[in-house]
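Participant: The chain contents come next:
There are 2 protein chains.
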Amino acid sequence: MALIAGCAGAPPQGEEVEPSARYAFWRPAPVVEAPDPAKVVEEAPAEAWRAIDPQNLLVVELKEGGRVLIELAPDFAPVHVANVRAFARNGWWNNAAVYRVQDNYVAQWGNGDAEVPLPAGVVRRPPHEYHRALEGLAVRPLGYPDSYAPMVGHAQSWPVGYDPEEGRAWLTHCYAMVGVGRDLAPDTGTGGELYAIIGHAPRHLDLNIALIGRVIEGIGLLSARPRGTEALGFYKEAKDHVPFARVRLASDIPEGERPSYEVLRSDSEAFSRYVTGRANRGGDFFKRPAGGVDVCNVPVPVRKRPA
Amino acid sequence: MALIAGCAGAPPQGEEVEPSARYAFWRPAPVVEAPDPAKVVEEAPAEAWRAIDPQNLLVVELKEGGRVLIELAPDFAPVHVANVRAFARNGWWNNAAVYRVQDNYVAQWGNGDAEVPLPAGVVRRPPHEYHRALEGLAVRPLGYPDSYAPMVGHAQSWPVGYDPEEGRAWLTHCYAMVGVGRDLAPDTGTGGELYAIIGHAPRHLDLNIALIGRVIEGIGLLSARPRGTEALGFYKEAKDHVPFARVRLASDIPEGERPSYEVLRSDSEAFSRYVTGRANRGGDFFKRPAGGVDVCNVPVPVRKRPA
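Taken in sequence, the protein lines are chains H and F.
First residue of the first sequence: 1, per this note's numbering; consecutive thereafter.
First residue of the second sequence: 1, per this note's numbering; consecutive thereafter.
Here chain H stands alone, though its shape is the one from the complex (with noise of 0.2 Å):
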């Protein structure tokens, strides 16, 4: 990409300006011969992908039929990721619900854990998990600029935020996503509520709440719900409600039946071609390739693991 003399020319908020004004945050450069990303992604090399441990893989079974799996991200909030596998393993979600689901926003679920006794091996005040370090995180920049976050790119395949000034990084609310419910003090969400992201990514999330995973598998069976009535989306019915039949860790079911995943590694020579073939849409429907993308628009890519 070029930049333009003033790159960092936008005006104040609620100040007049020429739209003929010549300033830009940057010059998009368009590649015009990028990789098709689907193709990348057939082709990367099984170097390319990693594993997802069946420890960091959550299963939720539904009452109607169908699943959602879940990655979870112990490198970004490792207090609220041992949280979660302790409910789990306690069978605190069998028989919890979808109680809450707002349109553009976010499909909620859980049973309730403030002012109840909960299960063995639950902190029920977490550190915020908002961010990391960032040192010790190998990450892969974008390349564009973000309109939240002074820098972004992916690490350990999840899509972070960062900011090499103030040393942190953070995992982002784009679609599919999950994180923690809490109330109004930072330390009041234990993971046993969560969300998961069903619209625009709400960016304005990150770094205000701890961000434990991700829906790899059945976010339609989340999103495709009727939105509640209620205020925030909740349901203003228990029959609404989308009940779960079971939610237990994949390392906690027979290694015959449970499910097995890989990602493609963001630090991978085919993550980099996928990202600029994202950025450059071509084929024969697209007429002018974008010459960028944000964060929430280069999904990693998933694929059962093969036999």
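Check the hints yourself; a few may be wrong.
One copy or two, either will do: identical chains are not told apart, so a pair holds if it fits within one copy or between any two.
Said to hold, decoys possible - Each computed DSBU-like pair below joins lysine-lysine, with the alpha-carbon atoms no more than 30 Å apart:
hint	residue 1	residue 2
1	K239	K63
2	K236	K39
3	K304	K39
4	K236	K304
5	K287	K304
6	K304	K63
7	K63	K236
8	K287	K63
9	K287	K39
10	K39	K239
Bear in mind the hints are in silico, worked out from the structure with no lab data behind them.
With the hints as your guide, set chain F onto chain H.
Facilitator: Chain F alone, transformed into the frame defined by chain H:
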């Protein structure tokens, strides 16, 4: 916001960069005492609102009950909007249906517009109205970087990308925006087949397809549908389709019965305060205002017209 030395310093795709590399596109400068966007809208004076011309309001009634209201944008895609009006006036979509719902992407409807006789007044091969002249358009710059366009903002209360260098502006593919389905050739979309965005903004479609408006009421009737199981989210069987009862322009509905809405003027002082509030969410829940926002997270406020 403050810019850091080397705001241009995004790495070329694929180049490995130390995460601690001290560059960034910009640095958000959160406003701690920002206005509450909901309160700003509530208190906006009457002159901050513009009525939606009934000629620019498409009323879609579903057979199952409920309606979807779509505001049209004639100043951005005049020929396609004229086509849409002609289709509506000729009852083209009565008994049409939603036949495609793809998760995190689009809901699409129509009844075919290729190789069939079209109603009087419909231009079969409209020009590709993917952008318009920036000249003559009063844009309010958003004031934050965008991952796709040199500049973004709002014009006539529509979200736009624009490029002062090329002198062009275009509508952006934000949630609930409505576009024209087309075949591979740019001039194959008449406006008879339309889609609404129901997921994270697919901004890569900007400048590749004509946007003709946005859903201002009833988006949940499209977004909450079961996802189609065929490729691209097409429904497998006609029984899965969501049939329309009829589709009319509000101007063709008797005044007493016609819906009447208004939108917040993007050139109003209230809108500037609203943007600042959206970019710096505060109150009791948010612990750290973002200090930035993307153009698709600034939904233009719409309300029923006060009697």
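Participant: Each hint should be assessed against the structure and marked as holding or not.
Facilitator: Verification of the supplied hints:
Proximity of K239 and K63 under a CA criterion of 30 Å is satisfied in both settings, with 13 Å inside one chain copy and 25 Å between copies. Proximity of K236 to K39 under the C-alpha cut-off of 30 Å is restricted to the inter-copy arrangement: shortest distance 26 Å between copies versus 45 Å within a copy. Taking CA atoms no more than 30 Å apart as the test, K304 paired with K39 passes inside one copy only; the shortest distance there is 17 Å, against 48 Å between copies. Taking the shortest Cα distances, K236 and K304 sit within 30 Å of each other only across copies (24 Å), while inside one copy they are farther apart (37 Å).
In the homo-oligomer, the alpha carbons of K287 and K304 never lie at most 30 Å apart, since the shortest distance is 33 Å inside one protomer and 38 Å across protomers. In this assembly of identical chains, the alpha carbons of K304 and K63 lie at most 30 Å apart only when taken from the same copy (23 Å versus 40 Å across copies). Taking the shortest alpha-carbon separations for K63 and K236, both the intra-copy value of 20 Å and the inter-copy value of 24 Å come in at or below 30 Å. With identical chains, the CA atoms of K287 and K63 are never at most 30 Å apart, being 45 Å at best within one copy and 37 Å at best between copies.
Taking the closest pair of Cα atoms, K287 and K39 come within 30 Å of each other only inside a single copy of the chain (19 Å); across copies the shortest separation is 42 Å, beyond that limit. When the C-alpha separation of K39 and K239 is checked against a cutoff of 30 Å, the pair qualifies neither within a copy, at 44 Å, nor between copies, at 34 Å.
Consistency with the previously given hints fails for numbers 5, 8, 10, ordered from lowest to highest.
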